[in-house]
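Going by the numbering used here, the sequence shown opens with residue 3, and the numbers climb by one from there.
Just so you know, the hints here were simulated from the structure itself, not pulled from any lab data.
Once the Cα atoms are required to be at most 25 Å apart in a straight line, the calculated PhoX-like pairs of lysine-lysine come out as: (1) LYS196 to LYS135; (2) LYS70 to LYS201; (3) LYS33 to LYS79; (4) LYS33 to LYS201; (5) LYS253 to LYS235; (6) LYS171 to LYS235; (7) LYS196 to LYS237; (8) LYS171 to LYS135; (9) LYS201 to LYS235; (10) LYS171 to LYS201; (11) LYS195 to LYS171; (12) LYS146 to LYS189; (13) LYS189 to LYS135; (14) LYS135 to LYS125; (15) LYS229 to LYS171; (16) LYS253 to LYS22; (17) LYS195 to LYS135; (18) LYS33 to LYS195; (19) LYS237 to LYS254; (20) LYS229 to LYS22; (21) LYS254 to LYS235; (22) LYS146 to LYS125; (23) LYS229 to LYS254; (24) LYS229 to LYS21; (25) LYS33 to LYS196; (26) LYS70 to LYS171; (27) LYS254 to LYS21; (28) LYS70 to LYS33.
Note that the coordinates shown come from a computational prediction; the quantities given were computed from them, not determined experimentally.
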Amino acid sequence: MLDAYNVNVSFHKGTVNEKKALTDTSLHLDKGDFVTVVGSNGAGKSTLFNALSGTVDVDSGRIILDGKDITFVPEHKRSVYIGRLFQDPLMGTAPHMTIEENLAIAFLRASSNKRFFSRISRKEEDFFRERLKLLDMGLEDRTKSQVGLLSGGQRQALTLLMATLVPPKLLLLDEHTAALDPGTATKVLELTKKIVNEKNITCLMVTHNMHQAIEMGNRTLMMDSGKIVLDVKGKERDDYGVEGLLDLFAKKSGSRLDDDKILMAG
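Hey, can you work out the whole structure from these sequences and the hints?
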């Protein structure tokens, strides 16, 4: 479903500050895979997401999504079939537009119906309300409210809904609960699991919580210095547990994972 072949990404090429962010990184995802991604700061997690979404150009390598070579497809065209959530809840919505208008834009961008909307139909209003009910935040009764009036958790939940209103071929979750309070983060994670499982969406999720990494989805990747050094799934992942995966990571990478956020997360 997704294949990345020997992807290389560098920053500040040809200068003394040149940095190799991804080195010959290869990855295969099957349809419906829900993969958590762990690594210290600078390990290459966000750069991998940026390469997949088209935010950065690759130096070399190929990216194939659902049989189509998207290596040189621009970001705005990939956004039709790749959804992405960021750590900052403010990044995924237009604050001065209503909840309903934000949903309408997301729906039209990702659907095959490319008409320009001057008014939202009653059928679309009903559809949006039904989907908003899934959030269990009362937003279905506030569709005419400006998104800027919502809390961070409400905006992130809305962004998740927008990204999956029309199921994307690939969903990228870049620490999408890290800026939320623990209670709201738990709620958004449960919502994430529900939507991803119901719609069988292929998903990559960056997290700094090792327990979360092995409890979510069916597979975990651990990255270091721009490379995927560990890829475990299913029963093997469960059997290793947190300490076992950290030990295996140390053997594979040659160094211990030293990110306090990861090591202290329970």
